[in-house]
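Model the full assembly from the supplied sequences, consistent with the hints where possible.
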Amino acid sequence: MKLELRGITKRFGALVANDSVNLVVEPGQIHCLLGENGAGKSTLMNVLYGLYQADGGDILLDDKVVKFAGPGDAMAAGIGMVHQHFMLIPVFTVAENVVLGHEPTKRGGFLDLAAARVKVREVSDRFGFDVDPDAVVGDLPVGVQQRVEIIKALIGDAQVLVFDEPTAVLTPQETDELMAIMRQLRDSGRGIVFITHKLREVREVADQITVMRLGKIVGTANPSDSAEEMASLMVGRAVDLDVVKAPAKPGAAGLQIRNLSVWDHAGTKVLDDISLDIHEGEILVIAGVQGNGQTELTEAILGTQGKTSGSILLEGKELSGRSVKKRLDLGLGFVPEDRTEDGLVADFTIAENLMLNRSDREPFARRGLIRLGFLKEFAEAKVKEFDVRSQGIETKAGALSGGNQQKVVLARELSRKLSLLVASQPTRGLDVGSIEFVHEQIVAARDAGTPVLIVATELDEATQLGDRIAVMYRGKIVGIVPPTTDRAVLGKMMAGISA
Amino acid sequence: MIAKILRGNVMLSVLAVLVSFVVGGVLIAVSNPAVQQTASYLAARPADFFSAVWNAVFGAYDALFRGSIFNYQAATPAGMIKPITETLAFATPITMAGLGMAVSFRSGLFNIGGTGQILFGAMFAGWVGINVHLPWAIHFPLAVLAGVLGGAFFGSLVGLLKATTGANEVIVTIMFNYIASLLLQYLLKTPFLQAPHNINPISKPILDSAKYPAFLGDQFRLHAGVFAMLAAVWLVWWLLNRSTLGFQFRALGHNPSAARVAGINIGLTYVLVMAVSGALAGLAGTSQILGTEGSLTTGVAASFGFDAITVALLGRNNPLGVLAAGILFGGLRAGAVTMQASQGVPIDIVLVVQSMIVLFIAAPPLVRSIFRIRAERKEAAK
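Protein chains in written order, with my numbering: chain F, 1 to 499; chain E, 1 to 382.
By construction, these hints were calculated from the structure, which means they are not laboratory data. There may be inaccurate statements among the hints.
What the hints assert, rightly or not - On the chain E side, residues computed to face chain F include the following (Cβ under 10 Å):
#1 Asn241
#2 Asn255
#3 Ile264
The beta carbon of each residue, even a glycine, is placed where N, CA and C say it ideally should be.
Put into structure tokens, the structure is as follows:
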């Protein structure tokens with residue numbers, strides 16, 4: 001089935017999210033829709049899926065104009081959507097989730113789960129998904145949950161499948177598996193729309209690339225084009241994707257971790273006898289597939305992990321047993337993995353967030369009173385320095401884009417004297433322009449002599465940013481290698497095989 | 001601009017109150033005997049029916065007005081302004097306790113224990129007010145302080161339990177209400193609090209040297225506690241918006257995990273929040289025992305502990321909003337008495353109006369749909 005969007009325009013008040021957008025997706029084609037956050041990709045797809053009504057333009061399926069009043073109409077017409085945030089009920093089984101909304105019913109109103117199971121197994125086998133219909137969705141890894149979403153779309157006999165930023169939540173391996181699935185779906189004659197801002201993936205899997213910027217189609221690209229060319233088209237200016245940094249000049253060991261072990265609430269050892277040094281003026285990247293103890297390591301340094309043993313020395317001072325506050329006072333800068341959950345208070349203004357971990361200290365407070373005048377001055381300066389795009393310092397942090405939220409977190413952490421910077425996946429979910437900025441700031445902190453610990457799940461980031469790379473697997477460090485190490489070797493180490 | 005105000009929370013609160021009064025009016029009409037009678041020949045003489053409805057509803061709300069704001073039928077100037085002083089006398093403890101609840105709600109703790117904390121405040125203040133003999137300038141502040149500390153103590157116990165054992169504050173505070181009221185019942189039957197030679201559970205009267213001054217004279221129930229209430233409004237506003245402690249309270253309320261990562265001691269903050277919340281409820285207890293009641297009885301907290309929750313929600317947990325809502329509730333209480341006395345409208349109608357307010361506050365979409373206000377579009381282009 002051929003999909004065509006003709007002159008789609010969608011406005012939200014004064015904001016034009018889609019401005020006369022034209023797009024043709026042929027059957028048997030993977031069509032990448034590339035663009036930064038806020039370019040209007042998701043809006044366009046929500047118009048296609050009937051979630052929004054377009055203010056102008058037509059949707060055509062096989063050259064016939066169609067109207068979708070809601071997602072139900074779109075699904076019936078053969079359009080399937082795999083959302084960025086899964087629309088699954090965690091306590092239901094795979095089969096129950098898949099038939100949700102159009103449950104096969106036996107006489108007397110009973111749910112025919114057997115029929116549902118058969119259907120799931122059939123689709124799963126046909127595409128080699130390896131999904132158990134009786135598994136409870138909440139217990140499944142993210143990658144498998146995503147396949148459940150795909151099965152949901154396929155059971156409705158979708159001929160055009162839309163993937164909205166599907167790789168944002170996946171590990172490198174899961175991403176590779178998803179790519180294979182997309183190719184297979186394409187080869188079965190379906191049209192695929194793949195929304196993303198990750199250039200590596202685009203170049204790997206796309207047949208056709210359309211680039212959006214600020215609600216408009218700004219051009220097309222070939223999979224063989226360089227990443228720089230595509231990025232420039234996305235951002236609208238020349239972009240340097242390589243991290244520019246001088247060779248590290250490591251000094252004394254600022255952070256010394258010795259025999260650190262951490263146990264989780266259930267008493268399982270999640271970090272097993274870790275020892276490592278980070279020197280002043282160097283970036284150590286912890287690489288590894290998510291969930292191999294990286295989070296626990298950073299939280300053990302911050303002091304929010306419950307049961308730990310071993311020692312963590314920051315500039316010769318023991319951190320173990322000290323409160324989070326004390327550690328921050330000793331110069332620990334912390335950029336959490338989940339900035340909306342741990343890094344910011346969404347309902348607080350930018351200014352309030354900038355003093356979040358120093359609200360009771362000079363110069364932000366005096367005698368228990370917040371110094372609003374100083375805070376205003378400070379926030380104005382930082383917003384400018386870190387180029388936080390907003391309506392002003394009174395804007396709520398929750399209203400900012402991911403990139404600008406991260407800039408607020410960085411501005412807060414980097415604007416005091418640090419003896420160590422710990423940043424977990426500092427560029428997760430950010431667009432190209434913001435990634436560049438965040439990397440610059442991290443390198444600048446290193447060059448100022450701060451020891452830096454970065455947790456990265458993407459190999460590109462690890463090799464570009466790191467001066468040394470420590471690979472973690474199942475709570476242990478597999479090895480510490482230079483960033484020039486071959487990708488294949490690093491990949492093996494991430495699977496637990498030491499070089 | 002108007003559309004924006006309409007979408008705002010303040011407008012929603014006002015509309016919720018408005019709708020509740022309309023529903024209350026319907027109930028008044030339906031329960032009125034004259035209306036019921038004229039309804040039976042509605043088709044024959046509709047005018048009778050509508051004038052009966054008008055008389056019932058207007059009469060009731062007119063009585064509510066005369067009982068709560070200004071009695072234009074009174075013979076003396078004092079009688080004319082008496083209703084508004086009654087309203088303020090009721091509003092004082094409700095607002096004080098409401099402020100306490102607002103502090104806890106803003107900090108992410110759902111303190112249902114207003115009743116218990118008011119009772120503890122009243123017990124502590126009452127004991128000092130009965131058993132200590134000192135000049136007013138020392139005795140009165142001491143008694144108020146005892147009440148505030150009593151409420152703070154009882155509140156902080158809840159915070160301590162939550163911090164150390166992770167106990168849910170909703171359940172703990174509900175249970176603590178029972179503990180407080182049963183403890184008071186028990187103490188009022190022991191020589192510790194019970195007036196000698198008295199078989200009723202009532203204490204000796206509070207000494208005059210511990211009382212809030214009745215600055216309008218003894219024929220009014222209104223006392224100087226109303227100024228303490230205004231001071232508390234300002235203090236809570238200052239605490240939440242200007243102090244570092246309040247900043248940490250709010251950070252905890254909005255996002256506990258970010259607060260933890262920012263080095264805020266969560267457990268200690270729970271205790272402090274509940275202490276402040278309880279202190280304000282305790283202050284409400286002092287207003288009752290050292291102001292209007294005169295001696296300790298089991299009914300000293302009235303229903304103010306729960307009114308406080310409603311008032312905090314209606315006032316959107318904002319100190320000035322709580323003050324406005326507190327005065328509204330004080331007015332409803334004061335006016336209900338007149339409404340029953342002069343129009344025979346059951347006092348329960350006022351309770352229904354209060355409950356409707358809660359219902360509409362809890363369900364903003366309901367009010368929005370009644371007034372066809374569109375919710376602000378949250379989804380922007382992605």
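Numbered hints the structure breaks, given as an ascending list: none
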